[in-house]
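K.L.:
Spelled out from the first residue to the last, the chains are:
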Amino acid sequence: MTAPAASAPSKATAPLVVSVHDLRVHFKVKAGVAHAVDGVSFDVRDGETLGLVGETGCGKTVTARSFLRLVKTPPGIYAGGRIDFWSRDARRSGEEPVDLLRISDRDMLAIRGDRIAMIFQDPAKALNPAMSIGDQVAEVFYQHRSEDLVGGGPDRVPSIVRRASRQATTAPERLALRLPPWRRQGRALRRRVDELVAGALAETQIANPRKIMGRYPHELSGGMKQRVMIAQALACNPDLLIADEPTTALDVTIQARILELIADLQQRHGTSVLYISHDLSLVRQMCDRVAVMYAGRIVETGHTGAVFTDPLHPYTRGLMAAVPSASQKRGELLAIEGNVPEMVDPTPCCRFHTRCRFAVDLCRQIDPELLDIRDHGVACLAYASAARLGVPETSLPLVEGTSR
Amino acid sequence: MTTLTPEATGSAGSVAGNLVMTLRGVEKHFPIKEGALQRVVGQVRAVDGISLDIRRGETVGLVGESGCGKTTLGRCVSGLSRPTAGGIYFRLSDRDQIALDEALAIPEDQRTNEQKQLMARIDAEHRLDTMSAAARRIYRRNCQVVFQDAFSSLNPRHLVKDIVGRPLRVFKEASGSELTERVVSLLESVGMGRQHLYRYPHQFSGGQRQRISIARALALDPDFIVLDEPTSALDVSVQAQILNLLHELQQQWGLTYLFISHDLGVVRLMSDRIGVMYLGRLVEQGTAEELFESARHPYTQALLAANPDLSADLDVEMRGLEGTVPDPANPPQGCRFHTRCPVAVPQCGWEVDDAVSWLSDMAGGLRGDVPHQLTAAFPDALTAVERRSDFDATLVFADEASAGLVGETLTGDGMPTSMAAALEGVSVEDHKVSIRFTEVDEVTLEDLGGGHLTSCILYTGRG
Amino acid sequence: MVELSAPGRLPITTHGPFAVRVRRLAEVAREVLRNPTTVAGLVIIVALLTMAFLAPVLTEPNTPDPYQMPRDWTMRDAPPGTPGHPLGTTSTGGDVFYGVVWGARTSLQLSVIVVGITVTVGIIVGSLAGFIGGKLDEILMRVVDVFLAIPELIFALAIAAVLGPSFSNIIFALSVVFWVKYARIIRGQIIHIKQNDYVDAARVTGDSRFSIYRRDVLPNSITPVMVQATMDMGGIVLTAATLSFIGLAEAGLAEWGVLVSDGQAGISAGKWWASTFPGLMVFLWALAFNLVGDGLRDVLDPRTERR
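Protein chains in written order, with my numbering: chain G, 1 to 404; chain Z, 1 to 463; chain Y, 1 to 307.
If you're looking for bench data, these hints aren't it; they were derived computationally from the structure. Don't be surprised by glycine CBs; every beta carbon is placed ideally from N, CA and C. Fair warning: there could be bad hints in the mix.
[As the list claims (entries may be wrong)] If you want a taste of the chain Y side facing chain Z, the calculated C-beta under 10 angstroms gives, among others:
hint, residue
1, Arg21
2, Arg203
3, Asp207
4, Arg215
5, Asn220
Between the sequences and the hints, there should be enough to build the whole structure, so can you do that?
P.N.:
See the structure below:
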């Protein structure tokens, strides 16, 4: 798996899959309203991997969960913004996108697992311990591919079998499916499901799909469970895969395999990936573009190569300097002083100003916009235009090592 | 104590320094109990023969993935667990260490009386599980721990003052206002202050809790601190603060660290010497530079390849490891890493279990073009396994056809080359298939020069 | 300037340890009082305790033993509202109001003594089993299993029947039966708490096993026991009332269960008051303690686990 930087330019003009506009998600807490996500905008294009990077509390997980409306309301509040989504069909026929925050629950159910899929950090918690692997993966097919399960044969399909393909049968009906005259079709249905499940599992390079299908989650290793989860997510060939720290709970060598797998599957199916992580080096390896989040906002975004070789925002710089790497000396890691603020009822200001070495008075008064500098976005007043803000040039902060 | 072959422990070529911890053949096995009567059916060999020296003032890093035994070893070194075999010696003198190694190299019944007396004395004065009460007190004062989870390592019902002051109280070093002042001074040395004395742990952030943990560890001015994944649960920027602090404290207080972590980057930064653990054993040992510039074990190389450095070139590929980790209750006789090693050779120690597991994978289908009858034969038709040794066994099947099919598969083209080369013979007789692999010896750590040790035969030339 | 220990968290001040602990208790109290059902329970308990406390004031204590129901053969089966007997009298002429008020005292004694004994014994046994573990744990738990195999009520019944009906025998019987519950609870908690790193940290500081038990393990394991004890304060009275109802109580004792039992015969004849009022008291007592116990559990458990 080679780093994707080389292929970046060609993806820059690919059609949009997701476009997030000014997303705001708030939480009611004892002390007030916490602005967990406070005006986040970014795009994901066809076939690309976008990394959402940040530390605990920056809002990246909440952002991801908003795509599938998984944020619990209350205490969560979808306070504003849009998430426009173009499915493959919509892109082909030039239709308008749907706003994921506003579509009906039924439409959202149809999209979840089918057009947009999500994999989570801890596979042990994401898999149902009481269901076999085969049954769990099968659910996706029952839910979204029921026509595939029954169609294609010469016989007319009785309604009971059709209902079975959607898992909409009652217990006596399920019993009836094991008896003639429906037995043959019932069995065909189960065989078809098994085939699809085994195929999905095999795609994730599981060596013994049939054996694994009969097992339960606790019998599998962490890496295997994660593969099962990936199989489940990619079963219906979604347009967008959201991966929320998918390898944090895994060993480093297994992690690399899983990430290789995701990249491989992505290339084969042309899936777009939204990859959420706190690990800078992984994001650098995996992603075409990256967005750095801090305290509910995006502070920097751009092509991975550009952002990592020339970070513009003081936070990004601080973050990169804080990671132990070959270029660091012991005891001299750049530690960003202070802590992440809790965003309760914030006032307009740069969220990072309390910890920024270069902060000036202006930083305490204005929300910096995300500015685009040759396809490299940064939200810092140091790069803003004094004229546009209507302030004297001297009141802008100076970030050392940059040319303006 | 049984005989220990003189394993190189990295002490060759060292200047006369003070030893803080000396480990010789340390093992920690956990019994596996089954059944209503809780019979012991096996042992999980969490730590399976570790020998290591930790010298005053240095930081020894211990790195490995989950299940390698590094945390268990940390617990043995810090006195929380007793090793089931081997010895951990505290503050051994250089002379005693040489004498001890000499004595350990000889079988017990062949040791001289002098040696036996020497060992008895060393055991009473230095060995963790047999030391006298007085010696234990000194050890306890001088060996402290900082745990990974700052949340669960601080009693939620105790005030910070009580937590940090407790060692002082237990050892009756201070009380009352003097204790309070000493606690304040400890808090200040970790970047906190007097205002934090009367607060509860839950009122602090992760980084601050870890600082409290460190302050507690420093209370008795110890020689040696075991740091078990001290920053793994922290955000990157907080981790940087804590790592800087640990380094500063080491300089100021003259501390020796055993730094356990799964994060190679952190270990590299913080350690002078590093030991790489896999399945209970050390597979490579050397200075941080040696390991990172010229790793001499495929596992170390795999760890490095799996998590590329932030400052490295982008075109360096990230690679993981395939294959399964062997059962810790029944590790392979030869190299324990060979089941996943990308460069394994026939002499690495291929066993019947490997062949069986390969057959399993083959029979699962959907991998290459495999006759599907194999699925029916294996493992369904397998009725028994007669095991003469790890390398020599017979598989008994229900019928001749299955046996024949399995035999054919084993001798066919699909098997990985190094496994095939190690296969001495496969013979099919009626419904039995006999498999025999070349036997190999246990692998040992060898010194490649200057204290850089590895157990991989590709580099040591053994086997 | 008030300095924040961490953004958004409580401000740091230099209060001493005493002030901090008082503050913390106040916080807990406030949390508890936030729940209306818990408050209701507390109100009822306070009312009942007051009644118990003021028994000699509210009624004329019987001689020679105030815990015996007074007998007045002239005033048998008087309905409520009869002058001097607001709640009526029993079939032996005892004032029902007297029974209610002094019954509160009896119940209080009963609950406190039984819960006190069972909690103490249960903690000791459970702690030994959980903290020391190994063979001791196995033996003790088998003993506990034997006890638990016998249905509680039947067990208590058997003991009381063998020993003879008396107040102290009932206390004994209930104590023997109910301690095992606490042993189980605290053993489970201790095993769970022992896994925390701070227990290991205490070992590394060189503290003795007992000291670790006392300072680290016990305080963090005790909350479920406290919750259960609170609820048992109510439950014990209920069980005792059941035993009394079956007839294993001291005859003529001013105890709610006895009164219910005695008055039972008269119900079919329309004399409902002798059983109903004491029965109502049992219900209120058990309900109140259950409500408070529930409220306590909601407040205490998530706090000790996470905060």
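K.L.:
Give a verdict on every hint.
P.N.:
We went through each hint and held it up to the structure:
1. Arg21: At about 9 angstroms, which falls below the 10 angstroms cut-off, the nearest Cβ of chain Z leaves the hint on Arg21/Y intact, so it holds.
2. Arg203: holds, 6 angstroms
3. Asp207: holds, 5 angstroms
4. Arg215: OK, holds: Arg215/Y within 10 angstroms of chain Z, min 8 angstroms.
5. Asn220: holds, 6 angstroms
The structure meets every hint from the earlier list without exception.
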